[in-house]
Amino acid sequence: NAGVTQTPKFQVLKTGQSMTLQCAQDMNHNSMYWYRQDPGMGLRLIYYSASEGTTDKGEVPNGYNVSRLNKREFSLRLESAAPSQTSVYFCASSLEGGTGANVLTFGAGSRLTVL
Amino acid sequence: GENVEQHPSTLSVQEGDSAVIKCTYSDSASNYFPWYKQELGKRPQLIIDIRSNVGEKKDQRIAVTLNKTAKHFSLHITETQPEDSAVYFCAAPRGHAGKSTFGDGTTLTVKP
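Sequences listed follow chains A and B, in order.
In this text, residue positions in the first sequence follow my numbering: the first is 1, and each later residue adds one.
In this text, residue positions in the second sequence follow my numbering: the first is 1001, and each later residue adds one.
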């Protein structure tokens, strides 16, 4: 039982390049999320998927796209990377059954540097 | 939308002392209040949470208190140890857990 697995752990891009961050969970969770974490700014939601087949914007969606490939997998794509997207990215998932008060389980994070 | 303010941003204590971190929130509909701990270079992990129908919850050396009238909740760590050194985040989700608004974090340093 691996929990939430995200790849790659580290990536260096040049401005304008594209890349996809991959995330998979094996906990049969319904909802998945992508956050970015910048120094002193906590966690900010980029996109989320409440259930398979749905996606929605979070607080900071500009410059990103997502795909909920199936119940297990949720990818984040940067089409044209910019230095402002240098950050640590966390994928997370939650069960979201009934009460709406569920624990977030995070992946280990992906450190992205855009030169 | 929800606004969550967390204080202090940094906190330094001597080993064995207590530490208190406070968060205030704006949305009175929020009903679940988790605290996450993030060690350096690691992922955030839930350490304790409280629901709106409870005023206090304890788990060994950590406790969370909630004041719904004043819209604030606090994390209390007693008998602090060096391994408590980390960044602590509060959150106030409404609806889906992952749509939480997080506080900006408190960096706790426990000096041996």
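Simulated from the structure, these hints should not be mistaken for laboratory data.
Since we're looking at a predicted model, the values are computed, not measured.
Each residue gets a CB set at the ideal place from its N, CA and C atoms; glycine is no exception.
Be aware that a few hints might be false.
[Unchecked claim] In silico DSSO-like cross-links for lysine-lysine, where the CA-CA straight-line distance does not exceed 30 Å: (1) Lys1068(B) / Lys1037(B); (2) Lys1037(B) / Lys1071(B); (3) Lys1022(B) / Lys57(A); (4) Lys1037(B) / Lys1057(B); (5) Lys57(A) / Lys1071(B); (6) Lys1037(B) / Lys1022(B); (7) Lys1068(B) / Lys1057(B); (8) Lys1111(B) / Lys1068(B); (9) Lys1022(B) / Lys1057(B); (10) Lys71(A) / Lys1022(B); (11) Lys1057(B) / Lys1071(B); (12) Lys1037(B) / Lys1058(B); (13) Lys9(A) / Lys1042(B); (14) Lys1068(B) / Lys71(A); (15) Lys1068(B) / Lys1058(B); (16) Lys57(A) / Lys14(A); (17) Lys57(A) / Lys71(A); (18) Lys1042(B) / Lys57(A); (19) Lys1037(B) / Lys9(A); (20) Lys1111(B) / Lys1022(B); (21) Lys1042(B) / Lys1022(B); (22) Lys1037(B) / Lys1111(B); (23) Lys1037(B) / Lys57(A); (24) Lys1071(B) / Lys1058(B); (25) Lys1022(B) / Lys1068(B); (26) Lys1068(B) / Lys57(A); (27) Lys1042(B) / Lys1057(B); (28) Lys9(A) / Lys57(A); (29) Lys1058(B) / Lys1111(B); (30) Lys14(A) / Lys1042(B).
[Unchecked claim] Computed far set for chain B versus chain A, every beta-carbon distance over 10 Å: (31) Ser1009; (32) Lys1058; (33) Arg1061.
[Claimed, not checked] Which stretches of chain B does chain A cover? Using the computed rule of at least three CB atoms under 8 Å from a CB of chain A, they are: (34) 1041-1052; (35) 1099-1112.
Hint check:
1. Restraint check: the Cα-Cα separation between Lys1068(B) and Lys1037(B) comes to about 23 Å, which is no more than 30 Å; the hinted pair holds.
2. Distance restraint check for Lys1037(B) and Lys1071(B): the Cα-Cα separation of roughly 22 Å lies within the 30 Å cut-off, and the hinted pair is therefore satisfied.
3. Only pairs whose Cα atoms come within 30 Å are accepted, and Lys1022(B) paired with Lys57(A) is accepted, the gap being roughly 29 Å.
4. For a cut-off of 30 Å, the pair hint linking Lys1037(B) to Lys1057(B) stands: about 17 Å separates their Cα positions.
5. Taken as a hint, the Lys57(A) and Lys1071(B) pair is honoured in the structure, with Cα atoms around 27 Å apart against an allowance of 30 Å.
6. The straight-line distance between the Cα atoms of Lys1037(B) and Lys1022(B) is roughly 14 Å, inside the 30 Å bound, and the hint therefore holds.
7. With a C-alpha separation of about 14 Å, the suggested pairing of Lys1068(B) with Lys1057(B) holds against the 30 Å cut-off.
8. Distance restraint check for Lys1111(B) and Lys1068(B): the Cα-Cα separation of roughly 33 Å exceeds the 30 Å cut-off, and the hinted pair is therefore not satisfied.
9. Straight-line distance between C-alpha atoms of Lys1022(B) and Lys1057(B) comes to about 15 Å, which keeps the hinted pair within the 30 Å bound.
10. For the hint pairing Lys71(A) with Lys1022(B), the CA-to-CA distance comes to about 36 Å; that exceeds 30 Å, so the pair is violated.
11. Distance check on the hinted pair: Lys1057(B) and Lys1071(B) sit about 17 Å apart at the alpha-carbon level, within 30 Å; holds.
12. For the hint pairing Lys1037(B) with Lys1058(B), the CA-to-CA distance comes to about 16 Å; that is within 30 Å, so the pair holds.
13. Of the supplied pair hints, the one linking Lys9(A) and Lys1042(B) holds, its CA atoms being roughly 12 Å apart against a limit of 30 Å.
14. Restraint check for Lys1068(B) and Lys71(A): not satisfied, since their Cα atoms lie roughly 36 Å apart, outside the 30 Å limit.
15. Only pairs whose Cα atoms come within 30 Å are accepted, and Lys1068(B) paired with Lys1058(B) is accepted, the gap being roughly 18 Å.
16. A hinted pair counts as satisfied when its Cα atoms are at most 30 Å apart, and Lys57(A) with Lys14(A) qualifies at roughly 25 Å.
17. Restraint check for Lys57(A) and Lys71(A): the C-alpha separation of about 18 Å stays at or below 30 Å, so the hint holds.
18. At most 30 Å may separate the alpha-carbon atoms for a hinted pair to count; Lys1042(B) and Lys57(A) meet this at roughly 26 Å.
19. At roughly 20 Å between alpha-carbon atoms, Lys1037(B) and Lys9(A) fall within 30 Å of each other, so this suggested pair holds.
20. Restraint check: the Cα-Cα separation between Lys1111(B) and Lys1022(B) comes to about 21 Å, which is no more than 30 Å; the hinted pair holds.
21. Of the pairs offered as hints, the one joining Lys1042(B) and Lys1022(B) holds, with about 23 Å between alpha carbons and a cut-off of 30 Å not exceeded.
22. Restraint check for Lys1037(B) and Lys1111(B): satisfied, since their Cα atoms lie roughly 18 Å apart, inside the 30 Å limit.
23. Straight-line distance between C-alpha atoms of Lys1037(B) and Lys57(A) comes to about 26 Å, which keeps the hinted pair within the 30 Å bound.
24. Taken as a hint, the Lys1071(B) and Lys1058(B) pair is honoured in the structure, with Cα atoms around 19 Å apart against an allowance of 30 Å.
25. Taking the CA atoms of Lys1022(B) and Lys1068(B), the gap is about 13 Å. The hint holds against a cut of 30 Å.
26. A distance of roughly 29 Å separates the Cα atoms of Lys1068(B) and Lys57(A); the hinted pair therefore holds under the 30 Å criterion.
27. The suggested pairing of Lys1042(B) with Lys1057(B) holds, with an alpha-carbon distance near 26 Å, which does not exceed 30 Å.
28. As the CA atoms of Lys9(A) and Lys57(A) are separated by approximately 24 Å, the hinted pair is consistent with the 30 Å bound.
29. With a C-alpha separation of about 24 Å, the suggested pair Lys1058(B) and Lys1111(B) falls inside the 30 Å cut-off, and the hint holds.
30. Simply put, Lys14(A) and Lys1042(B) have alpha-carbon atoms about 26 Å apart, close enough for the 30 Å limit, and the pair holds.
31. Consistency note on Ser1009(B): stated as away from chain A, yet its beta-carbon is not over 10 Å from all of that chain's, at 8 Å minimum.
32. Look at Lys1058(B): its CB is around 18 Å from the nearest CB on chain A, clear of 10 Å, so calling it non-interface holds up.
33. With a closest Cβ-Cβ approach of about 20 Å to chain A, Arg1061(B) is found to remain outside the 10 Å limit, as its non-interface label requires.
34. Judged by the Cβ-Cβ criterion of 8 Å, the region 1041-1052 of chain B is covered by chain A as claimed, because 7 of its residues qualify and three suffice.
35. Only residues whose beta carbon comes within less than 8 Å of a beta carbon in chain A count, and the region 1099-1112 of chain B has 6; three or more means the coverage holds.
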